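S.K.: As given, the protein sequences belong to chains Y and C, one line each in that order.
For the first sequence, my numbering gives the first residue as 1, with consecutive numbering after it.
For the second sequence, my numbering gives the first residue as 1001, with consecutive numbering after it.
Hints may contain errors.
Straight line, CA to CA, 20 Å or less: simulated SDA-like cross-link-like pairs of lysine to any residue [said to hold, decoys possible]: (1) Lys158/Y <-> Arg1053/C; (2) Lys1161/C <-> Gly1041/C; (3) Lys158/Y <-> Val1068/C; (4) Lys1161/C <-> Gly167/Y; (5) Lys6/Y <-> Arg21/Y; (6) Lys1161/C <-> Gly41/Y; (7) Lys1158/C <-> Pro202/Y; (8) Lys322/Y <-> Leu337/Y; (9) Lys1161/C <-> Lys322/Y; (10) Lys158/Y <-> Lys1161/C; (11) Lys161/Y <-> Lys1161/C; (12) Lys1158/C <-> Ala22/Y; (13) Lys1158/C <-> Gly41/Y; (14) Lys158/Y <-> Ala1309/C; (15) Lys1158/C <-> Val39/Y; (16) Lys161/Y <-> Gly41/Y; (17) Lys1158/C <-> Arg21/Y; (18) Lys161/Y <-> Val1039/C; (19) Lys322/Y <-> Lys158/Y; (20) Lys161/Y <-> Val1327/C; (21) Lys6/Y <-> Ala22/Y.
Calculated from the structure, these hints are not laboratory results.
Keep in mind it's a predicted model, so treat the numbers as computed, not measured.
Protein chains: 2
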Amino acid sequence: MSLPGKIPPPTGLRVSEAGERAIIDRIRRRIPPSPPGLVVGIGDDAAVATADRGTLQVLTTDALVEGVHFDRRFSSAADIGSKALAVNVSDVAAMGGAPRFALLSMMLPGDLALDDVDGLIDGLLEMAGACGVALAGGNITRSPGPLIVDVTVVGSVKPRKLLTRSGGRPGDALYVTGTIGAGEAGLEWLRAHAGGGTRPEPDLAECVARYRRPDPRARIGALLGRNRAASACMDTSDGLADAITGVCQASGTGATIDAAALPIHGGARRWFAAGDVVQTALAGGDDYELLFAVPRRARGRLRAVSREARGVALTRIGELTKGPAIVVSRDGRTEPLPAGFVHF
Amino acid sequence: MSLPGKIPPPTGLRVSEAGERAIIDRIRRRIPPSPPGLVVGIGDDAAVATADRGTLQVLTTDALVEGVHFDRRFSSAADIGSKALAVNVSDVAAMGGAPRFALLSMMLPGDLALDDVDGLIDGLLEMAGACGVALAGGNITRSPGPLIVDVTVVGSVKPRKLLTRSGGRPGDALYVTGTIGAGEAGLEWLRAHAGGGTRPEPDLAECVARYRRPDPRARIGALLGRNRAASACMDTSDGLADAITGVCQASGTGATIDAAALPIHGGARRWFAAGDVVQTALAGGDDYELLFAVPRRARGRLRAVSREARGVALTRIGELTKGPAIVVSRDGRTEPLPAGFVHF
């Protein structure tokens, strides 16, 4: 019998050959010691955690479904675990909040290797460590179909620091963090090279890495909230175009986007070159950047955020307008914004 | 275009014929007005809610997977929605907490009728209303396989009212709420009559109803916590035997169960009569009762809970013991406890 806390060795077994308790036990031994705020962790009917004084709770859930959101040929088990948490952390960041606890609900096909379950947990815990999140509990069950990793994150935000999609006003400048198009380009590269054997060139390798292991803007979301630099915020998980539309609809504004200003990733720019680079980069999903609106009076506060952004660019890409139209301005002409990523 | 808040009429459409936004819109219009504690509901990156002052957060997640936890021949969409929330409320009750908010994550097969999505939401909202829970947010995505309804519930509990599995001590009396065996008998009856056409007799009809629409012991869990009447508590979702084992393992005790005292449902007793009634009722899953331990000094407090239990029986079924053995005492002999429901 292994000691608690000691990570069990690879097994070569399938999920169907292990019991539920054995799987939970393997998960439990991978989890680092509970932070002080976690009163009851894995192993009871529910997890119990302290609430931060004077804060609101931020609650979000997002699932990765095999065959819809990932392909096991393109992503390792650890990639899937990391991303399942990252997409939720991104949602909390878009509210200006700090993620605190995660619940992990897994639906496991019987033929999944137990070592892949271990890998998935390790990937998730790596991301959890990077974002200051504790895995507080969850649920596992058998799946008669795809592998599904459904994560809930509970975070906290001070009431006056909360960022919603609806606070934008005409005249506010629109900014986006980092670069766009990398997630989409990385996925397309993987699909085009599904036969294997080819290595991506460095700029596309970066896109592939960004697709597999998105790095949510947890720090910048919290900074934007804390500094009250943004009037509205949304993450770009379904594409930048989708986020622009989301902020405009919730805020009751239109927008003008400057095509030349878009921070399109170099690898994506090269990969999309056969088509319309701007439209493809705007429409593509699987980036986890933040789109946010900055009122004129908050520009000084934005500079303060920028100084603490640790090298992540904050790029002005346009502004919110009074009229309802959302347009892309390119070479002196305007064109409509493409639709975002569609899940159904 | 329907007005917000007006429930759209049946469509005859399939999920694959509707867009993600159209489905979310149909859900949103079914949801009653937000309670004061829900600051941001459906439609932003995350939900935002106030935390009750001086309380701990209770966090739990549980999924219903088609082909594992339900069969669409046996349960209506509304049954599935109701039960998906009920199983989570049961977990919060077992911690002595009050459920407050739910997140609903659905994975929808493309051929699912949109009217079934509506029905599922209506069933979930009916249970939410009965338990004082607000649907705060969630996620929907396509499923390439089964229908999956994964719910997270966030509740609250005062620190001194928290019930865990681990607080039981030798000599504490073991109690169970309501009756056992009904869920298992109801499911078995449905399986035996899958061809249709037969109506169950009244006592088995009650078992079928209990299987389809479990009624979690939200009120009694909160009362046990508030009155500090129990030293340990666990729900019986995987069977009473599983709960007894869970409390004993966490508390470091054994137990003696009195077979004659078990409150086996009349319909279940009749349905199981061909086999060993006691062992079958102990092993069967799909009851959502609470098993709890009561120290001698808390018996007066238990009577107070009992008076407020609104007709739900609290039955003494045995006691925790110092030795590690868990045994069933029947007709002057002892026999081992059966294993609980196994998910894998």
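S.K.: Evaluate each hint against the coordinates.
M.R.: Results for each hint:
{"no.": "1", "hint": "Lys158/Y <-> Arg1053/C", "result": "14 Å, holds"}
{"no.": "2", "hint": "Lys1161/C <-> Gly1041/C", "result": "29 Å, violated"}
{"no.": "3", "hint": "Lys158/Y <-> Val1068/C", "result": "41 Å, violated"}
{"no.": "4", "hint": "Lys1161/C <-> Gly167/Y", "result": "40 Å, violated"}
{"no.": "5", "hint": "Lys6/Y <-> Arg21/Y", "result": "16 Å, holds"}
{"no.": "6", "hint": "Lys1161/C <-> Gly41/Y", "result": "17 Å, holds"}
{"no.": "7", "hint": "Lys1158/C <-> Pro202/Y", "result": "54 Å, violated"}
{"no.": "8", "hint": "Lys322/Y <-> Leu337/Y", "result": "17 Å, holds"}
{"no.": "9", "hint": "Lys1161/C <-> Lys322/Y", "result": "53 Å, violated"}
{"no.": "10", "hint": "Lys158/Y <-> Lys1161/C", "result": "27 Å, violated"}
{"no.": "11", "hint": "Lys161/Y <-> Lys1161/C", "result": "32 Å, violated"}
{"no.": "12", "hint": "Lys1158/C <-> Ala22/Y", "result": "32 Å, violated"}
{"no.": "13", "hint": "Lys1158/C <-> Gly41/Y", "result": "17 Å, holds"}
{"no.": "14", "hint": "Lys158/Y <-> Ala1309/C", "result": "39 Å, violated"}
{"no.": "15", "hint": "Lys1158/C <-> Val39/Y", "result": "12 Å, holds"}
{"no.": "16", "hint": "Lys161/Y <-> Gly41/Y", "result": "29 Å, violated"}
{"no.": "17", "hint": "Lys1158/C <-> Arg21/Y", "result": "30 Å, violated"}
{"no.": "18", "hint": "Lys161/Y <-> Val1039/C", "result": "13 Å, holds"}
{"no.": "19", "hint": "Lys322/Y <-> Lys158/Y", "result": "30 Å, violated"}
{"no.": "20", "hint": "Lys161/Y <-> Val1327/C", "result": "56 Å, violated"}
{"no.": "21", "hint": "Lys6/Y <-> Ala22/Y", "result": "14 Å, holds"}
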